[in-house]
Amino acid sequence: MRFVTFLHEGKARAGVIHQDSGDRLIDGGHPSRPAALQGLEPDMMAWIRFGLERLSHELSATEIAPECLLPLSAVKLLAPLRNPGKIVGAAFNYKDGLVFGKREFPAEPVIFVKSMSTVIGPDDIIEIDTVNQVTYEAELAVVIGRQALKVSRDDAMDYVSGYVIFNDVSTTNYVREDGGFVRGKNQPTSGPLGPWIRSCDDISDPYALAVTLDVDGRRLQDSNTSQMLYRIDELIEYASARMPLDLGDIIATGTPVGVAANHEPPAWLMPGMRVSARLEGLGQLNNIVAKREL
Numbered sequence: 001m002r003f004v005t006f007l008h009e010g011k012a013r014a015g016v017i018h019q020d021s022g023d024r025l026i027d028g029g030h031p032s033r034p035a036a037l038q039g040l041e042p043d044m045m046a047w048i049r050f051g052l053e054r055l056s057h058e059l060s061a062t063e064i065a066p067e068c069l070l071p072l073s074a075v076k077l078l079a080p081l082r083n084p085g086k087i088v089g090a091a092f093n094y095k096d097g098l099v100f101g102k103r104e105f106p107a108e109p110v111i112f113v114k115s116m117s118t119v120i121g122p123d124d125i126i127e128i129d130t131v132n133q134v135t136y137e138a139e140l141a142v143v144i145g146r147q148a149l150k151v152s153r154d155d156a157m158d159y160v161s162g163y164v165i166f167n168d169v170s171t172t173n174y175v176r177e178d179g180g181f182v183r184g185k186n187q188p189t190s191g192p193l194g195p196w197i198r199s200c201d202d203i204s205d206p207y208a209l210a211v212t213l214d215v216d217g218r219r220l221q222d223s224n225t226s227q228m229l230y231r232i233d234e235l236i237e238y239a240s241a242r243m244p245l246d247l248g249d250i251i252a253t254g255t256p257v258g259v260a261a262n263h264e265p266p267a268w269l270m271p272g273m274r275v276s277a278r279l280e281g282l283g284q285l286n287n288i289v290a291k292r293e294l
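Sequential numbering of the sequence shown, starting at 1, is according to the numbering used here.
These are calculated hints, taken from the structure and not from any lab test.
Fair warning: there could be bad hints in the mix.
Stated by the list, open to error - Computed cross-link-like contacts, DMTMM-like style, restricted to lysine to aspartate or glutamate with a CA-CA straight-line distance of at most 20 Å: (1) K102 / D222; (2) K150 / D246; (3) K76 / D43; (4) K102 / E264; (5) K11 / E67; (6) K291 / D124; (7) K95 / D246; (8) K11 / D43; (9) K150 / E234; (10) K95 / D233; (11) K150 / D222.
Unchecked claim - Pair by pair, the computed Cβ-Cβ distance ranges are: (12) A61 / R176: 26 to 34 Å; (13) D154 / H57: 17 to 25 Å; (14) G272 / A35: 43 to 51 Å; (15) A261 / E53: 32 to 40 Å; (16) P31 / I125: 33 to 41 Å.
This structure is a prediction, so every number in the text was calculated from the model and none was measured.
All C-beta atoms in this analysis are idealised placements derived from N, C-alpha and C, irrespective of residue type, glycine included.
With the hints as extra help, turn the sequences into a complete structure.
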């Protein structure tokens with residue numbers, strides 16, 4: 001199932017793009033919504049707490065009342081998780097990117113934390129300061145479904161609620177100048193997320209997904225999650241040994257070769273550009289770049 005947060009007639013709420021509903025979605029706040037949703041607030045965090053995979057199974061076996069369906073053309077999709085917890089990102093985590101940059105493979109995961117305040121949704125504006133070197137980074141992200149603390153690798157996937165596209169927009173010169181990730185990863189609007197969360201039952205192998213990113217129709221990233229150095233279970237084990245991972249936290253698993261600095265000349269983001277990140281089975285996340293007005 002594809003779980004979304006949407007805006008309709010001025011109100012934001014959670015919904016489901018049902019496998020049999022075509023270009024319509026189930027309005028999670030409608031009085032005639034399916035029984036599986038009746039006891040839940042139409043809020044993505046509440047649904048994650050209940051369990052997206054559990055919801056997916058129950059909805060698959062339920063007849064959907066047509067009156068609770070909305071055409072996609074009548075709504076605006078928002079970031080599916082508008083107020084996540086923290087975002088834990090993995091740096092230097094794709095083998096093709098490391099080989100291209102002639103970097104040694106890190107002996108353990110390299111992680112950083114990105115604020116929930118950076119998150120924007122599909123078709124929202126990525127605002128940049130044009131004096132900076134700003135790159136796109138298409139990534140597979142996982143949503144944590146319950147608190148994970150000192151979780152073993154063997155148990156780690158039990159804490160994953162779903163998968164979503166994340167574009168870890170990064171200010172490269174800040175990372176270089178600071179020798180760290182805090183400022184370069186935490187600029188406003190630098191966390192495009194969406195267009196939906198796919199429940200785990202829909203993704204049979206998260207390590208066999210095509211990852212691509214286009215800017216103005218030009219293919220700049222073209223890889224596969226099979227290139228991931230440290231897998232999702234390893235990242236959860238590593239991160240949860242250092243901090244609690246809470247309900248609604250996001251693990252961004254890193255980006256493959258093809259970031260802006262990999263191109264000649266460098267493909268830094270500039271105002272007016274259209275960025276489209278795609279992951280197989282997870283849809284397409286589109287955003288427009290604009291100059292930040294200070």
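Review point. Which of the numbered hints above does this structure break?
Key: Violated hints (numbers, rising): 7, 11, 12; every other hint is consistent with the structure.
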